[in-house]
Amino acid sequence: MKKQSFNQKVEYLTLLSNELKQVKKEQADTKKGDLEGYIEDLEEEINDLKRQIKRHIMLPQKPWKRTTLPRWDKS
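For the sequence shown, our numbering assigns the number 282 to the initial residue and increments by one for each residue that follows.
Be careful, since some hints might not be right.
[Said to hold, decoys possible] Think about it this way: if two alpha-carbon atoms lie no more than 30 Å apart in a straight line, the pair counts; the simulated BS3-like pairs of lysine-lysine are:
1) K290 to K305
2) K302 to K290
3) K302 to K335
4) K335 to K305
5) K331 to K290
6) K331 to K306
7) K331 to K305
8) K306 to K290
9) K306 to K335
10) K331 to K302
11) K290 to K335
Simulated from the structure, these hints should not be mistaken for lab results.
The whole structure should be built from the sequences, with the hints applied where relevant.
Here it is, written out as structure tokens:
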């Protein structure tokens, strides 16, 4: 997957989540198991995107810009 902005990832995650809900509803309505593979693919992609978004949130933004040393590091 090419690099995407954080907002694009969140929008795509929302889109995939809605698609998954729709497909599960269709499967329940038709009582067929032929959508299982598609549902699993969607869930896998959704989980991957969630991990990417979490990683983006957890990463410190520009850690090299820190100008002050931690207290325990001062001499």
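Here's how the hints hold up against the structure:
A hinted pair counts as satisfied when its Cα atoms are at most 30 Å apart, and K290 with K305 qualifies at roughly 22 Å. Proximity of K302 to K290 is assessed by CA-CA distance (about 18 Å); at most 30 Å being required, the pair is judged to hold. In summary, the hint linking K302 to K335 is supported, as the alpha carbons are separated by about 22 Å, within the 30 Å threshold. Among the hinted pairs, K335 with K305 is consistent with the structure: their alpha-carbon atoms are about 25 Å apart, no more than 30 Å.
For the proposed pair K331 and K290, the alpha carbon gap of about 9 Å is at most 30 Å, so the pair holds. Between K331 and K306 the CA atoms are separated by roughly 22 Å; this keeps the pair inside 30 Å, and the hint holds. Distance check on the hinted pair: K331 and K305 sit about 20 Å apart at the alpha-carbon level, within 30 Å; holds. The hinted pair formed by K306 and K290 meets the criterion: a straight-line CA distance of about 24 Å does not exceed 30 Å.
As the CA atoms of K306 and K335 are separated by approximately 28 Å, the hinted pair is consistent with the 30 Å bound. Restraint check for K331 and K302: the C-alpha separation of about 17 Å stays at or below 30 Å, so the hint holds. This hinted pair checks out: K290 and K335 have alpha carbons roughly 11 Å apart, not beyond 30 Å.
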